[in-house]
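For reference, the chains in residue letters:
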Amino acid sequence: MAWQSLDIQRRSATTTPMPGARQATEVAKLIDISQCIGCKACQVACMEWNDLRGEVGHCAGVYDNPGDLDSQTWTLMRYTELENNGRLEWLIRKDGCMHCQDPGCLKACPAPGAIVQYANGIVDFHQEHCIGCGYCITGCPFNIPRLSEKDHKAYKCSLCSDRVAVGQSPACVKTCPTGALHFGSKEAMKDHADHRIADLKSRGFSNAGLYDPPGVQGTHVMYVLQHADHPEWYAGLPRDPAISPWIGLWKGLAKPLAIGAMAAITLASLFHYIIKGPNAISKETEKEVEHDSRSQ
Amino acid sequence: MNVTRRQFLQITAAGLGSSSLALLGFSPQPALAEIRNFKLARTTETRNTCPYCSVSCGVLLYSLGDKSKNVKTEIIHIEGDPDNPVNRGTLCPKGAGLLDMIHSADRLKYPEVREPGASDWKRIGWDEAFERIAKHLKSDRDANFIKTNDAGVTVNRWNTTGFLASSAASNEAGYLLHKVARGLGVVALDTQARV
Amino acid sequence: MIRDPNDLQRYTASDRVIHWIVGICFILAGLSGLALFHPAFWPFTLLFGSSTWTRILHPYFGLIMTLSFLLMALRFWQLNRMNQIDWAWLRRVGEMVDGDDHNMPEQGKYNGGQKLLFWLLLFGTILLLFSGIVIWRAWFHFEIGQVRLASVVHAAVAAVMIGLIMVHVYASIWVKGTIRAMWYGTVTRAWARQHHLAWYRQMLGLGNSQPR
Amino acid sequence: MTNHWVDIKNADLILIMGGNAAEAHPCGFKWVMEAKATRKAKLVVVDPRFTRSAAVSDFYAPIRPGADIAFLGGVIRYLLSNDKIHHDYVKAYTNASFLINEGFGFADGLFTGYNADKRSYDQASWQYQLDAQGFAQIDDTLQNPQCVLQILKRHYDRYTPEVVSQVTGTPQADFLKVCEFIADTSAPDRTMTICYALGWTHHTVGTQNIRTMAIIQLLLGNMGMAGGGVNALRGHSNVQGITDQGFYTEMLPGYLGSPSDSDKTREEYLAKRTPKPVRPNQMNYGQNFPKWHTSLMKAWFGNAATADNGFCYDWLPKKEAAYDVLALFEQMDRGRMNGFICQGFNPQASVPHKAKVDGALAKLKFLVVIDPLATETAEFWKHHKDFNEVKTDAIQTEVFRLPATCFAEQDGTFTNSSRVIQWHWKGADGPGEALSDLDIIAGVFTRLRALYAKDGGAFPEPVLGLSWPYRIANQPNPEELTMEMSGKALADVTDLKDSTKVLAKAGEQLSGFAQLRDDGTTASGNWIYCGMWSQAGNLTARRDPSDPTGLGQSHNWGFSWPANRRILYNRASCDAAGKPWDASRAVIKWDGAKWAGNDIPDMRPDAKPEEGVMPFIMNQEGVARLFGVERMLDGPLPEHYEPYETPLGLNPMHPDNPLAVSNPAARIYPGVLESLGKADEFPYVATTYRLVEHFHFWTKHAVLNAITQPEQFVEIGEELAREKGIRNGGRVRVRSKRGQILAVAVVTKRIRSFGVNGRKVHMVGIPFHWGFRGATHPGHIANSLTPFIGDANIQTPEFKAFLVTIEPA
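Protein chains in written order, with my numbering: chain A, 1 to 296; chain B, 1001 to 1195; chain C, 2001 to 2212; chain D, 3001 to 3809.
Mixed in with the good hints, there may be bad ones.
Stated by the list, open to error - Coverage of chain D stretches by chain B, computed from C-beta distances (three or more under 8 Å per stretch; other residues unrestricted):
1. 3534-3547
2. 3716-3727
3. 3787-3797
Keep in mind that the hints were calculated from the coordinates and are not lab data.
Ideal placement from N, C-alpha and C gives every residue a C-beta, glycine not left out.
Put together the whole structure using the sequences plus the hints.
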């Protein structure tokens, strides 16, 4: 079955359902942190494929370069040195868009079609529709999208939707030298993760597990963690990410409520006018005014 | 008064909710999004080998154009060759960044010479470069060639000009340079592989 | 230019200018804000050149609105101090809406409703300013938690303010003879006597003991 | 590599020591991860730093730079004293049972035969006891005190876990844990592979580091096995290839030793290099040396090389001294070199002691740099702030910089670490006027040849007579050269046993080195590459990745030397009777009539097991050498010596012998000892290394790589940072006796101090990728700091252990 990456299942700032008759296979990228050597091949391949070249920055005392995600850096290795039970562990997490099943960015986006979720689960930004408001950043539970300083559009990992659409894997996955990155149907990735977790458990990582947070209805980028009980050890991976309740309120309840209120005021005004009529000057007052004028 | 009334009307209309939008003439949403075009669709694919480490990963060079006569071929993308049994399509960060090495601003484009004591380069042509280098080599070889050693043994060596060879150039280049060097009697030769 | 000499001056020219600056900015900010708030209003972006222009301009509309409104508030705040009569008026506002204003306490230049509106709008504007700055990514970078909170505050306050302004506008339409006060600066004596008796007396130099 | 990249997946244990495969060879390292994932293999990393290899290891043990032999010597002792060796293998396939001369001994850190004045050994006492026929004597019981196994036991008995820990700084428990992992693979059906690289070679005891590991792999019976071997993870894409082309002063293509002054005649030269068997029935494959050499002479000198003139033996120069890269720069520094040609080599950055290199280059009359990129070497005369402080106008060297095309812009072959020769195709033209290396070499040579033809000169015969059969003289085609290297028949080549059977007709490409002859009827530019372009065509261009063996051999992908064999010594994967030690990953086996299976047998195909032809066919003994009876200049058994700059000031193994502090056979040029620092002034051990984001001084020119690692830094531990008041991300100055660099400090838990010989030794880690040209921020050349001294055997510089001091800048 094709990845059907052109079929859309969700579209930003759109209130009616998308055509959904065709069933697409959900895809996923699996990031097995226990197999990651932090070589940054994924970072380079991502930049190369997507024609991105950021600034040549500086060394800030760590290996994290560039220092943060930006419009030219859609994926980034984050390194954590952890002393655990007297042994050093170097936890290296590939940060980037998680392609949530319930994407906070898409929910927050005010521009119709600037953010779409394809039927295969990929969440993609369409910069030509982006207005640069940054609401996607506000909505994202993983702090991923970044506004470009140059064009003020928001950018993030597209899971190489252009490659996936023609049956290829994302550039980062293809390049990964150690097989820390895998790509396939979400089901297959979960199966693969099960094997990896069993292997890790056999090597003493009793808390190994899959990171596929239910708070965002699961993600299309998942992690195998050696310490699934402590996701925060991995450069602050959120323990139980969900779209912030503020965002829920803002983009959920507030919308119909406000529109309803405005409509109500409008209708109330209209019908009040019709029913009660205008508040005109009474004859009585006019007489009194005449009286007052005379008495002046 | 007009402005206020217009605002009023607009709010009224909009307040009816999104379902009425179509009445105002806004078309339904497209069913298909446009993804970024697949940039390799009409490129030429060439099989090559990564020049960095000794894993010698297979790489695929993607270049613009179909190698027709009037087109200057330009490599626009490089990725791993999935057929190569060692790298199976993967590339490390160096290999994944090969494109920028090929197109580096530091690529040399013309033969140049720095004259003795000069503070900068001077562009020269290949003929001049070959001619001048050949003359240097000949005059040093002729002046310092040793036919026999003190014991009278034929040694036929030239040890006042040294050769260092790349360990990232092809076997063919390394072989030819070795053949030429020994043919000239060079003994002062070594390769990057030593260090 | 032709004026009834009997008309009462309610707003000076500069009052009116500043009001309309605020008003225009509010409309622009409101339309652009609504466009970003709900897809139903997205077509409003066409009014501003493009959707991106809408995003760019909205905060500047808001900023000009805020500054001019603050200037206006500086002029009017003393006239809008609430007193006992205002609260009494507000308690009876239902009667008036129902069409019977006979029992409404007599009002000065502004009635309790107008005063309350003034303070609500002032408070709302300040909230919009601060929350707007927090979410204005072109210039500022705030903590994500603050941005999220500010987004909600900004939207909610804006919605409430739009509601208030709708009431404000409707009130001016409903009460005949009102709009001209902001148009030409004057009202008829009858209008003043009918709706702002105390102010009317003050303007005409009449005592308080006048019978109705 | 004795094995190959994909074969790593067949291992049960992968030891990474003296290297950092995850960072230096990520795509090869994938097969380590594959072994872990599919075979439940374990990965053990022993390294001074907690590297990115260590990050995915099952066990990591720290080790002080330069103490590897102490560690591995301890492993040998552990294996021997705990009886964790593969007995049948050791007895049959190694020289464990061979008797060594009575005169051999080792005392106070020195082997017998040492001459302190010459700083070298007389190796006479290191030899086998020979019988009347000249065969080595053996003791099958392995009990004779002069047998190799007993000597080995005695030698390494001193390397107790306590001593090992004291010398290496590895906690004893960690050391023993590593021993347990390794010992587990002594079972016949368990294998360990060892992946090492420059972390072992960049020492004055570099060669012995590797020999220590070879001894361990032999004791465990892991050589020749799938998933075993001693695997050098080599540096550049074609570092294996250029080594095979023998571009060393001491070599000719195919590892044929080059003549020196003592090889007066061809006969003497050949006799010295054509070995005699020292055990009966052995293949002693080196006996074919004359065929290889003669074929080379025919490839180089063509029709001029005849039997009458000794195949132009005298046209080959004879060397009288060392001309390795250190020696070259020493000669240059003394003003004895006038010209220098650097093809794709950046010595100013990659040769130790930059100040000395700078001075040496400035003494040249002319320098020719052939490179695709703007290297530091080409601009050694240019002032670049404090990165390259020189007086430009005082430098009288004439420098030519010639633009070469890069890999993507030319056809040709690279030979990878697995010895697989692979063809690559040109994808685009080079920039501007860039020419291929071949065109540049030919351009210079044809001009030079024309000058000699016109004007004559010193010994013009080899210049004019050099075989140059290329269709376009100044543009040799890579295919022509590949065919020339591979070799062809000049006359009909017949079977040695049956002269009526023609193996190759005159003019045909040869199918392998077995067809080479010493009578001038064959030409082959590199005998080990013979057959890569046979009558069947260009085998290096084969692209069939299929692998019916399941072992990852892919015999139809490219062409692997020798003879398309993928695992060397594979005869040793079977027991004496020819049955695989481990049937589940059999490489070859004796099928009753011949050797066959999943690889090209490294054995005469019809050698019946009962003939006792042993697997190490290139050795005169037919077996592998636990005890190195020849070739090693600094001892037949590895011994721990301190780096030349030692933080201890003595060798804890031999505290009382000043001659045995550091390798007693290392070459020391005058002035070098004075350029070495002492621990009182330079108390910290420094080591230079690569980062995964960069490749040497090359990727700093690529923006993509510059982005991922933009600025020069050094790494230190938290404790040293506290002591010296160095803040993470702050700038520091690192000084050695020879120079200094400035860089950002990375303060990390990954670097710790070592408890050595009762004291604490801190380490400074120095990634070396920076220079004054490139897309990264300019940096200092790390080799400003390193010492000008090399390994005793092959003169590879000691980049990996030297002394520095560090302070906030």
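Verification of the hints:
{"no.": "1", "hint": "3534-3547", "verdict": "holds (count 3)"}
{"no.": "2", "hint": "3716-3727", "verdict": "violated (count 0)"}
{"no.": "3", "hint": "3787-3797", "verdict": "holds (count 4)"}
Violation of the numbered hints given earlier is confined to hint 2; every other hint is satisfied by the structure.
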